[in-house]
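Colleague: Sequence:
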Amino acid sequence: MRVNQHRLRSDIESNAEFGAVPTDEGRGRTVLTGSEADRRAREFFCERLRDAGLSITIDEVGNIVGRWEPESADPGAAPVATGSHLDSVPEGGIFDGPLGVYAGLESVRAMQDAGVEPVRPVEVVNFTEEEGQRFGGGLIGSAVAVGELGVTEALDIEDADGIPLGDVLADIGYRGDGRVDAADWDAWIELHIEQSKRLEDAGVSAGVVTSIVGLSRCAVEITGEADHAGSTLMDDRSDALAAASEFVLDVERATNERNEVSETAVGTVGKLGVSPNAPNVIPGKVDLTVDIRDVAYDSIEYVIDEAEASLDRIEAERPVETALSHPWDRKPVEMSERCRAALHDAGADADLETLDLHSGAGHDTMHVAAVTDAALLFAPSRDGISHNPREWTDWADCADATRVLAGALADLATE
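With the first letter of the sequence shown counted as 1, position 114 gets the number 114 in the UniProt record's numbering; the numbers rise by one all the way through.
Keep in mind the hints are simulated off the structure, nothing from the lab. Just so it is clear, CB atoms sit at the ideal spot from N, CA and C, and this is done for glycine as well. Don't take every hint at face value.
[As the list claims (entries may be wrong)] Now the in silico label distances, taken between C-beta atoms and shown as ranges:
(1) 75 with 13: 28 to 36 Å
(2) 274 with 75: 52 to 60 Å
(3) 158 with 76: 37 to 45 Å
(4) 351 with 301: 37 to 45 Å
(5) 170 with 252: 42 to 50 Å
(6) 236 with 274: 13 to 21 Å
[What the hints assert, rightly or not] Computed list of lysine-lysine pairs in DSS-like fashion (alpha-carbon distance at most 27 Å, straight line):
(7) 331 with 271
(8) 197 with 271
(9) 285 with 271
(10) 285 with 197
Please build the complete structure, drawing on both the sequences and the hints.
Modeller: In structure tokens form, the structure reads like this:
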């Protein structure tokens, strides 16, 4: 099969115009769920699906599915599915999500051009609100598709202005009917940019993910006492931010210790809220989050245990009170051996090297893997940059990774 690089590039560059933002370097876009840019991106995708002869269904949370069902395919057979998302972070890049959506469509067109006769239908999917920039914590469309989140519950999620997801989908004409059920798929493969440097460093165009990291997120409160920055002596202070600073360093130390056992373990304190946050007031309270990830769940448990021990020590040594809650926890997810083998075989058939590697981010595949055979394929990211207008994947790499995707989908659909 031959992938049409020009056609793939044209689709991605056309999609990049929706929500385009001015930038000094690279190409940026902001596509938030329910926005005018989201509506235009969805409309263009549906046009391209129709142009390729795919039928279209839209479920109640706005997931879009294009279905290729040639005469060779059994309409009752479980489909092979692929896709990703079209929404973005604010001022994000043009490849994160759209590469997977349009590589899926290009794979179907490549199969059509090559005269492939699948015995299963092939579906190309755009999931709603993967990034979680306007509604919820992200991955909403795929969470509904696997039954982890109910349709009504999803539609009732509100943005910062109190507007429900269901309302904005209706406003842009993409609140459909029913629910996409990922459990009905025979297999799923998502192509995504790597958002790291391993493929670039190795000079390889396609990475086959072995597993997706587990992720735990902890919320921590450290409460001291706000007081005057000038008249309160150092020995009389209950400084919540000073205590939080110790905690942050303890999380870093614990994660570095765990790296001696598992080099893929990472821990991040990425968000702090300091109160009252004034230059002449001793901080009285700090709210912060801890993000811990690894392919080995015992690494996550180790860092959480060390974080709790750190808070106990800080309470004993400083006049502060602490609390830790654990609202979000996901185990590592192994990818399907069957789908991974199809990707490696497709790479070999295309004379392209493929590299095994793990994923430090979840993507929609993290959900889909809970209900059917699933795989995640990576294309290189220049300098590992993503969520940034400087995000870039060379067009030749986009096409090569799509060749691997198309070959795997063809193999799975003709089994």
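Colleague: Per the hint of 28 to 36 Å, is the separation of the Cβ atoms of residue 75 and residue 13 within bounds?
Modeller: holds, 35 Å
Colleague: Within 27 Å, alpha carbon to alpha carbon, are residue 285 and residue 197?
Modeller: violated, 38 Å
Colleague: Given the hint of 37 to 45 Å, is the C-beta distance from residue 351 to residue 301 inside that range or not?
Modeller: With a Cβ separation near 43 Å, residue 351 and residue 301 satisfy 37 to 45 Å, so the hint holds.
Colleague: Check the following: the C-beta atoms of residue 236 and residue 274 are separated by a distance inside 13 to 21 Å.
Modeller: Holds, at about 20 Å.
Colleague: Just to be careful, I want the Cα atoms of residue 197 and residue 271 compared with a cutoff of 27 Å; is the pair within it?
Modeller: Since the Cα atoms of residue 197 and residue 271 sit roughly 25 Å apart, the hinted pair holds (cutoff 27 Å).
Colleague: Honestly, do residue 170 and residue 252 meet the 42 to 50 Å range at C-beta?
Modeller: holds, 46 Å
Colleague: Below or equal to 27 Å on CA atoms is what counts here, so check residue 331 against residue 271.
Modeller: Holds. Residue 331 to residue 271 sits at ~22 Å (cutoff 27 Å).
Colleague: Look at the Cβ atoms of residue 274 and residue 75 and judge whether their distance stays inside 52 to 60 Å.
Modeller: This hint holds: roughly 59 Å between Cβ atoms.
Colleague: That 37 to 45 Å hint for residue 158 and residue 76 (C-beta), does it hold up?
Modeller: Cβ of residue 158 to Cβ of residue 76: about 39 Å, so the range 37 to 45 Å holds.
Colleague: Hint check: residue 285 vs residue 271, CA-CA at most 27 Å. Holds or violated?
Modeller: holds, 14 Å
When each numbered hint is compared with the structure, a violation occurs for hint 10 only.
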